[in-house]
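Protein chains: 2
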Amino acid sequence: MKIYDWPTGPYPARVRIALAEKNLQSDVEFVPINLWKGEHKRSGFLAKNYSGTLPVLELDNGVVLAECTAITVYLDALAGDPMLTGRTPLEKGVIQMMTKRAEIEMLDAISVYFHHATPGLGPDVELYQNQEWGLRQRDKALRGMHYFDAVLRKQPFIAGEAFSMADIAVIGGFIFAAIVELPIPQECVALSTWFERMQERPSVRKQLAIVPPKH
Amino acid sequence: MKIYDWPTGPYPARVRIALAEKNLQSDVEFVPINLWKGEHKRSGFLAKNYSGTLPVLELDNGVVLAECTAITVYLDALAGDPMLTGRTPLEKGVIQMMTKRAEIEMLDAISVYFHHATPGLGPDVELYQNQEWGLRQRDKALRGMHYFDAVLRKQPFIAGEAFSMADIAVIGGFIFAAIVELPIPQECVALSTWFERMQERPSVRKQLAIVPPKH
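These protein sequences, in sequence, are chains A and B.
The numbering of the first sequence is full-length UniProt numbering, which starts it at 1 and goes up by one.
The numbering of the second sequence is full-length UniProt numbering, which starts it at 1 and goes up by one.
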């Protein structure tokens, strides 16, 4: 199978970490789509993913899967431990909820900030910006960090007692926060401690070793 | 179990349709949270769902699930046909992808339009509006309708050959489009025909019979 992505992208990181956790990297050919040149907004790529986002998984039979959660659910159902999307109905539900919350309250909010209230991918790619909206989303992400800090004061992982897709989504948030130079608030001690613990996982350490270049 | 929702809400409709498909309605006590009074933004409710959205499922042991996809995944894993979230890894992945796409490209876009570029839930609830952003999201939703129309020219359901959670998400989009009086473009014949076919399902017909009141 192929993964269309850009190695330093925060969303691609989610699927790369999931692949490493499932030990599936060697089954994948990575095809670079240059975000900084806007290749993800061109018609050839849009035919694969209408929403124009990375990453995209393409199976050998040509079937295409977009969206990090969808790709992770697929990979997780293919085989093996660790299970990233849960085993019981309740685990599955809670992990889906916390993953979505990580997107809404942190990762996606930082993405909107990046694309709308910073130079983002540059004037050739960012054809419309709404700075006020971007700044509000930055503030939302900061509130979100405090929320996840409160979650992690009560439990070791974002969705409870085990590492899951929801942790990976928040790690994506940390990666994007570093790119936009949005510091994690100092008082979010549980969140910072959790992030240090996450870096003990080879899958995460390997991804974080890729320094996010601006170009 | 309890569902906190508001009967005419487009997102609550998604879970109500899923419950009806799974024949689980009689297991549920519905607790009204009045959107028009902003009850979903008050601290009591925010303690249940940080994101302040409806619906929310509360189990008898007090565990709380928010987010339509998460709730549907949970209900679907509990028992019985029809399976709304897929059986094979690929079915699961495709349904997750198309559900997310229905949100991004139609349902969530209409929601942003409603809350930002119309009076929305009224001045006591809509404390911040960004009209320009709202109008862009309206246009995005209209493009999304054309996208789903193209999808339905090639296959009978949003995620392929079977009814799924992704169809329910687009139905949520139709419900919200009716509330904001955003007509489905006439040229989207496959989309309109699909929606007529969806109304043959008792779960959908019952939900659509609830006329959306403004208050």
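Keep in mind that the hints were calculated from the coordinates and are not lab data.
Treat the hints loosely; a few may be bogus.
For chains that are exact copies, the list does not tell them apart, and a pair is met inside one copy or across any two.
Below, a list of computed lysine-lysine pairs in the DSBU-like style, where the Cα atoms sit at most 30 Å apart [to be verified]:
1. K2 to K206
2. K140 to K22
3. K206 to K41
4. K22 to K206
5. K48 to K154
6. K154 to K41
7. K140 to K41
Source: prediction; values computed, not measured.
Next item on the list: Identify every previously stated hint that the structure contradicts and give their numbers, smallest first.
Entry: Number 2 only.
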